[in-house]
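Engineer: Construct all of the structure, not just a fragment, from the sequences and the given hints.
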Amino acid sequence: MKFLGLVIAFITGVFLVYAAVDFPDWADPESPASTHVSPHFIEKTMEETSVPNIVTAVLADYRTFDTMFEATVIFSAAVVCFFVLRTFLKKEEREERLYRHVLTGVTIRVKEGGRIPPSDDFERIDDSWIPHDLIIKTICRLMVPFIQIFALYVVAHGHHSPGGGFQGGVILGASVIVLAMSHDLRTTLQRMREKVVGILCAVGVLLYAGTGALCLLLGMNFLDYSALAPILGVGPVTARSHGILIVEIGVAIAVMTAMVWIYNNVSSRGNYNEGL
Amino acid sequence: MSTQYPALVVVVPLLSAFLISAAGWANKRLCFPIAVVALAISTYSCFGLLVRVLNEGVVVYRWAGWDPPWGIAYYVDHLNALVLTVVAVVSLINLVATKKSIDEEFPDKLGPFYSLYVLMVTGCLGIVATGDAFNLYVLLEISALTGYGLLAMGSKGRAPLSTLNYLYMGTIGACFYLLGIGYLYIVTGSLNMVDIAGILPSLYQSKAVMAAFIICMVGVWLKMALFPLHAWLPNAYTYAPSAASSLIAPLATKVMIYVMIRLILTVFTPEFAFTTLSVSNAVVWLAVIAIVVGAVLALQERSLKKMLTYVIVAEVGYMVGGAWLGNSAGMTGAILHIVNDALMTLCVFLAVGNIVYKAKGHCFEDLQGLFRKMPFTMGGFVIGALSIIGVPPTCGFFSKWYLISGAIKAGQYHFMAALLFSSLVCVVLFFRIIEIGYYEPFSEEHGHGHGHHQEPSMEEAPLSMVVPLLIVAAGLVVVGLYTGDIVEHIIRFAIPKGLA
Amino acid sequence: METVVSIKPLLAVLVSLLVTPILASSRAPNVREMWTFVAAGVKFLLVLSMLPVILNGTQIVYTVAEVIPGAAIKFKVDSFGMLFALVSSSLWIVTSVYSIGYMRGLKEHSQTRYFCFFAFALSATIGVAFAGNLLTMYLFYEMLSLATYPLVTHHQDHEARSSGRKYLLYIVGTSIGLVLPAMLICYDLAGTLEFGTQGFLAGTGASKSLMAVLLVLLIFGFAKAAIMPFHSWLPAAMVAPTPVSALLHAVAVVKVGVFSVVRVITEVFGTDLLFSLNFSPIILFFASATILVGSLIALSQDNLKRLLAFSTIAQLSYIVLGVGLLSPLGMTGGMLHIAMHAFGKITLFFCAGAIFVATGKKNISEMIGIGRRMPVTMGAFFIASLSITGVPPGGGFISKWYLVLGALQAHQVAVLVVLLVSSFLNACYFLPIVYKAFFCPPKEVMFKGGFQEAPLFCVVPLVITAVISIILLLFPQPFLQLATMTVQGLM
Amino acid sequence: MTDFAQLVVAKYNYWIYITLMMIGLYAIISKNNLVKKILGMNIFQTAIILFYVSIGAKKGATIPILEHGHGPAHGAGSHVVHAADYMNPLPHVLMLTAIVVGVATLGVALALALKVYRHYHTLEEDEILAQIRKK
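Residue numbers (my numbering), protein chains in the order written: chain A, -14 to 261; chain B, -8 to 491; chain C, 9 to 499; chain D, 2 to 136.
These are calculated hints, taken from the structure and not from any lab test.
Heads up, none of these hints are tricks.
Using 35 Å as the maximum straight-line C-alpha spacing, the simulated DSBU-like pairs for lysine-lysine come out as follows: (1) A/K(-13) / D/K136; (2) D/K32 / B/K147; (3) C/K216 / C/K84; (4) B/K351 / D/K136; (5) C/K216 / B/K400; (6) B/K90 / B/K19; (7) C/K174 / B/K349; (8) B/K147 / A/K180; (9) D/K12 / D/K60; (10) A/K(-13) / D/K12; (11) C/K174 / C/K84; (12) D/K37 / A/K180; (13) A/K(-13) / D/K32; (14) D/K12 / B/K198; (15) B/K91 / D/K136; (16) B/K297 / A/K(-13); (17) A/K29 / D/K12; (18) B/K19 / B/K297; (19) C/K174 / B/K351; (20) A/K(-13) / B/K147.
Structural biologist: The structure is reproduced here in structure tokens:
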């Protein structure tokens, strides 16, 4: 197999090198890629969409149809992870469980059919439980709000600087994952329930596709944001800019929740215990 | 509304996927109706679109209102419209037919299942409809990712493993396609298929274009499981849940064949593919080998489902070979076979689904006496089998007819021989199954003189599974009888005039 | 030639299909069998209603679907197709009666399935008879192969399984492996598959060697004609219940094969083309060899049904031989032999079945003296074997007479010899059976008990067919007229 | 010789991506460990992303964000924009999509690998195959 791999990789490489000779040089301003379609984007974006960040404009307006499916890809990845990994333990109540008394650090074992301790002072733990490091815990908790504010900035400022829904969404998701890693999965799940994650993920993409459908219902083509002009009370060009913002928000929600969802399932192998 | 048909075809299932996923958390019983309604609307739109294309010719839909090549546009012509309709119909029928088995297999994951199902269909529909090379890649990945999810939920252990292998291969295939598109982009500066086709003729001698073509083709062959790149397919389909395999087996490979034909016909033009590059003969030989190997490997299998997956490998050879014969009869055969093979694969896989549902297995031993127990299911299976063998008036015969007559016209007699060989092997394959199902496990003292023995009672699958199967089976014959119309009014227009 | 468009041929094909669901759903045997009769009767009447039109020299055509340009699914009723349809649809009625007697007499299992596929097989047979082009003929030919599989393997035991395999291997294997490519090459050459009295291959300008290959592929490809070496499915298929053997393997299936071969000779190639290419000897050689070898093997058989099977193989080649002579009288004789042999052979099979039902005997050596117990059956057997041998008062005399005349007309002395030798052989294997049955003292105890025939349902049909065999000698119309009309059209 | 050297230097981006891609392809085919294969797959994808992004480069151009676009005062079209001044935005857009696809694939692949591990308690392919054969 090793030899076969070498041969295939080598043949592919030689073939690609052979073809690459015909390519334009690196960063050649006269290359077809730089002269055929892209100049239109660079020169017309501002007047057609009033978004200075051309990448955002192309991403969320000219090629917004692609981007909608991009968001869908991440959504489907999250759903697949959930679908493949998640195990619903119906018999959980009948299994042995461990509880830890937070104040004293005493751990008790509840045997099959036993009752859960009534007090709030007990927290559920796994048998592989390791005490959390206080410093990491505290610092992470402190960082989370800042991370999230930055993420919102990235989402909102995507029109003018590098950023947008995907980037902002990933940062938002990271904030939650940081929490999950520094504490444990159960803590995060208490703040952001599985159901909420699942529904928000769908809602995020739905916001995107729904905007498109709204344009369609308003009589224009799917995702043609200029149809939103009468609703938003602005001109068609500005409406495009606003439309981009709406879908970016949708993307941000979807990406954040998808990241969290994937993390939840993969880190706990689908049984939603402590996680990593 | 009719101007929005191209949008509705894709968008309605897409939206419904999110709704289903959200609804799955609230009330699981909502998922199925939403999916059915969405796919029904999509199917209706496909038919509407087909009618429009028949009346008006190519339908262009500009997404977000931008003109191509800057925005993304759909160019729906006869070829797209036909395949779209087939994809939509197949997925709708399969959805209805497999409800019971889905309910049984994933009682607590209905939401994600239907969501993925509908997304998979959306991906396939999008691939077929789109006129943008990069958009095709994204949709390819959607249908692939959701497909992995659906396939992985079959038998424990084997299913995830073989799906993971499929994932490696599928990702490489998609990446190759992406790379090929990158090559095209670097020499043309465009991603729009029609635009690229307009620029390419002056570049036919470029090595980059040749490389782009070959890389795209290799990618697509990987995804359609053309021999020798087929290794992922049999296991992935065999160990999958029935509902998933009966959706993916008819659609995934066929959609990729559509992509190949689209690349040849629209993006690179047949002239380039068949004349400038002199690889047609080699590809036809490859197809011949694929057919023979698929057939022979199918003979070795002792599991019905796995046997059928090797038949798919052989069928891929049919279509690839037909398309690469380089004449209009072969191309007609390949396109017609996309339609027919999708339907007949659906038919046999639905039958297998019913058998698995009742007999709890798909090995040969599980099939004994099935004609008595499940006469309607087996009836449907037999019709599907006859179509795969190529017995008139089922549709499989007519596509084979065009393929063979294309082979004769092109002088590629080895392709004709391979087709006949695989037909004969299919006779053996399917009659072996039929024989096992026909003869009862108890064989002594049977026959005359014992007329009043207790006949085992019928244990047919539920009506909601049998009726769709029979509809598909009847559809095989109906499509067969309407072959003339399909070729005359649709496929003829899908083939460029230049093709002899 | 004048043509009329009418849906009747399609109806005639479909009428037995239409009762199939009723057969399948019905659990009451009487209702089921009533439907069989209704279907058989309606089918016969439909065929009969087209007879006057055909006798007027008109053709009936009906196109179902234009599936491939130049090769539609199309029905064409001409005199030759009519001849065959008339034979098979009329014999279905008789066989239905016989089936009831036989199947009930033996308390067979799965009778519903049996009647269902029987109807299905008849549909396909009529479809072949009325096929307007090679594609349609192929379609119904395949349909017949598949419909008869459950009938052949009715007993569902090991013997049935291996015979069924052999049956399918030969029949489906040849049709896909030989006929299909030949048909496609024809289509590629001519651009059409329409039957025409001149043959659609005439004027395509294909080389002689290609034509020879096509001829061989098509003649052997329709392996139901059982031309050697593609004959051994036929004895194997005798494991089927006797009514199946009777109708399907003496009338429908094998005659469909021969019919197809005749169509190939007359309307795919055309007599003129074959004559100019001088291909007649090829056909004559294979046919003669089959006749002689088949008859010789029949001589050595002890199992009555197997004997009849080999006799059938030989007799089928008479038809091919007659048409292969390419002389008007020979062709008339060959076509007429379809009808004459059908009535004779079905009687023989009925007799074999009746003997089996009444006594459980299958072998000739066990039938010594059986004439005392079953005189009616054996009487019919005698008449039918005379007909097959070609001796009056059997109707087979006429067709053999024409064949002999045709051989003389074509100056084929060798063929004449073959015909005479084989007639002698026919007599050799049939007459001893009759002689021993009536004139030798019975060895078996059960034959001494006096007159005891099979059930009435079994005996009446065989008497009817035997009587018809005699009547056909005196009044060979309309078969003779149809055959001569066909030949006139071709020449 | 100098021509050749020039060729090599002028198209260096392609050589890098091809090398990366060969590494990825080799890993995917040859590695025995399922997760290593996933890594190979990712390297493969990254190579292609690199290739695309390098297409977008343009000598003497800046990032594709219009300099004069900030603030509503300038409004649309107040400055003439020259295509030569900005890099090609399209490959970036495309690769944003491809990256997301890559991440999604990675997530699914890991989920599947986990599931395989849960069943076979190993990720070495030959050991898994041995287990399957044993049954």
